[in-house]
Amino acid sequence: MTGFSVMKYLNLLLALPFLGLLWTPLYNRHDPVLWGFPFFYWYQFAWVPVTSALIWIVWKKGQNT
Amino acid sequence: MSTINPWALGVFVFFFAATIVVGSSIQWIRGLFHAKRDTDSHEEWSLGGREFGPWVTWFLVGGDFYTAYTVIAVPALVYAAGAYGFFALPYTIIVYPFIFLVMPKLWKIARAGGHATAADIVKARFNSRALEVIIALTGLVAVMPYIALQLIGIRTVVQALGLPGDLPLIIAFISLAAYTWLGGLHAPALTAFIKDIMIYIAVLVAVTVIPLHTGGYSALFASAAHTDTVLKTGQSLPYATLALSSALAAFLYPHTLTGILASRSADTIKQNAVFLPAYTIVLGLIAMLGFMAHAAGINTTNTSMVVPMLFQSVFPAWFAGFCLAAIAVGALVPAAVMAIGAANLVTNNLLPPQANPVRTSRIVAFIVKIGALICVLFLNAQFAIDFQLLGGVFILQTFPALILGLFRVRFSAVAMLTGWAVGTVFGVSICWMDGLKPIHPVNLGLFSGNISTGLLSLVINIAIVALVSVMAPAKQNIPANTTV
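First to last, the sequence lines map onto chains A and B. The first sequence begins at 1 in the numbering used here and counts up one residue at a time. The second sequence begins at 1 in the numbering used here and counts up one residue at a time.
By construction, these hints were calculated from the structure, which means they are not laboratory data. Yeah, the Cβ is synthetic: ideal placement off N, Cα and C, and Gly gets one too. Please note that the accuracy of each hint is not assured.
[Stated by the list, open to error] Computed list of lysine-lysine pairs in DSBU-like fashion (alpha-carbon distance at most 30 Å, straight line): (1) 105/B <-> 60/A; (2) 105/B <-> 61/A; (3) 437/B <-> 232/B.
[Unchecked claim] DEER-style ranges, computed between Cβ atoms: (4) 9/A <-> 472/B: 33 to 43 Å; (5) 61/A <-> 108/B: 17 to 27 Å; (6) 53/B <-> 61/A: 42 to 52 Å; (7) 378/B <-> 61/A: 47 to 57 Å; (8) 6/B <-> 12/A: 56 to 66 Å.
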């Protein structure tokens with residue numbers, strides 16, 4: 001039962017990419033520029049490894065419970 | 001475009017032909033290694049025997065999700081519309097948490113019941129023949145223009161090589177048909193490796209070499225100033241809603257679901273949700289090609305030629321030929337999976353039970369491809385693009401039956417049918433009245449802006465499903481093995 005409720009909270013991690021990417025006012029700006037990329041682009045690119053890591057955490061924890 | 005470069009053409013023909021030969025002879029090659037397998041069973045042809053492990057699944061799902069049309073259309077949109085064209089990036093990120101949560105459940109149900117299509121799963125859940133036929137027909141209608149777009153992708157690169165007329169397209173079609181007929185799902189699963197390695201080489205070379213020509217990435221964004229490098233006022237809402245609706249629709253298509261159902265285990269799918277986003281990085285870099293074309297001085301009104309023209313203007317002929325071959329092979333692999341997905345729908349869900357399902361599926365896959373070929377030869381490309389837009393609205397209306405059907409809450413088949421009908425009629429008529437645009441203006445006092453038409457009609461669909469389910473609840477006798 002405790003394992004189940006831990007999983008329920010962990011699954012909330014998977015909501016973060018939706019919030020971070022669908023709320024466009026959060027990142028629709030030019031600055032700061034990184035390696036020539038305006039913020040708009042590198043912010044979205046950065047969500048790729050972050051999303052992978054979040055899914056990995058939920059996947060690993062799910063295998064243990 | 002006017003003269004044929006023998007190097008470009010030679011390299012192109014070599015890689016394209018090699019892929020066809022390898023894919024077509026896959027069953028023979030497999031026979032050498034697995035002596036005692038029944039390589040002609042239907043599950044073998046249509047789902048690869050449901051035995052694909054993490055690596056093959058990664059290539060197969062990525063291979064049929066990121067198509068040649070993506071390589072041509074995404075940079076074309078960025079070239080024309082700037083930052084707005086990047087909505088494919090958030091779309092192909094948020095799709096993976098969704099896959100992680102939902103698809104292992106679908107896989108388990110499909111495995112337990114021996115289902116090969118979305119319509120099979122829905123039929124088992126709701127025990128309704130009408131719903132099964134509706135889901136199967138929707139999938140079929142939605143996937144047809146997708147196949148046509150792959151053929152258009154092949155035609156685009158062949159034209160870029162300087163070959164005139166429709167003959168190359170017909171040759172490409174015959175190759176595709178032979179490849180699917182002989183290899184079944186094993187053909188695209190294997191050649192997806194070739195496709196991806198070729199696309200990766202082309203894209204990675206492009207995104208390192210082209211900025212060297214054009215003065216680095218900062219110059220790249222500076223030269224694209226006139227198309228705006230951030231979203232303009234009013235573009236935010238369509239950007240986000242298009243990303244969301246595309247993500248929800250992505251794995252409802254028969255070809256993408258085929259890749260998921262062919263995997264070995266539910267854990268294979270979860271593991272893939274962790275590693276598949278690597279493709280998204282490549283997609284983002286591909287989108288950058290739209291800006292690079294501006295920096296390289298490509299000037300065209302035919303935006304689908306942007307990428308081939310860019311490759312040809314920057315690279316030596318032989319490497320441009322390689323890149324164009326990568327795009328053509330990138331069309332072949334998903335087109336085969338799409339034809340197989342469509343054939344599974346017809347064989348399993350529309351026709352009465354078959355004595356020889358493999359033969360039937362082969363014939364249906366062939367007819368589906370002829371349909372797509374006729375579409376490309378006799379109607380203009382814009383028709384396929386418009387039809388694919390409508391296909392996106394169509395396929396989203398199967399979301400409630402397939403995905404909401406996974407939950408313990410009991411929705412009735414009648415509710416699903418009503419929701420589907422209202423959502424489809426609403427979505428298609430709005431889309432039609434807006435002049436075939438993917439977004440629709442919504443004004444609710446405090447809130448106004450453009451919203452994805454597909455998402456809007458999905459919301460209405462779900463509301464109807466909930467309403468009808470409350471008024472006419474489902475009966476108790478739901479088969480026990482269909483909830484997880």
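A quick look at each hint next to the structure:
Distance check on the hinted pair: residue 105/B and residue 60/A sit about 17 Å apart at the alpha-carbon level, within 30 Å; holds. Note on residue 105/B and residue 61/A: the hinted pairing holds, with a Cα-Cα distance of about 18 Å set against a maximum of 30 Å. For a cut-off of 30 Å, the pair hint linking residue 437/B to residue 232/B stands: about 18 Å separates their Cα positions. Between residue 9/A and residue 472/B the beta carbon distance is about 36 Å. The supplied range of 33 to 43 Å therefore holds.
Our hint of 17 to 27 Å for residue 61/A and residue 108/B holds, since their Cβ atoms are close to 19 Å apart. Hint check: residue 53/B to residue 61/A, Cβ distance near 23 Å, so the stated range 42 to 52 Å is violated. Checked against the given bound of 47 to 57 Å, the beta carbons of residue 378/B and residue 61/A, roughly 55 Å apart, stay inside it. Separation of residue 6/B from residue 12/A is about 59 Å and conforms to the stated range, judged on CB atoms against 56 to 66 Å.
Hint check: a violation occurs at hint 6 only; the rest are consistent with the structure.
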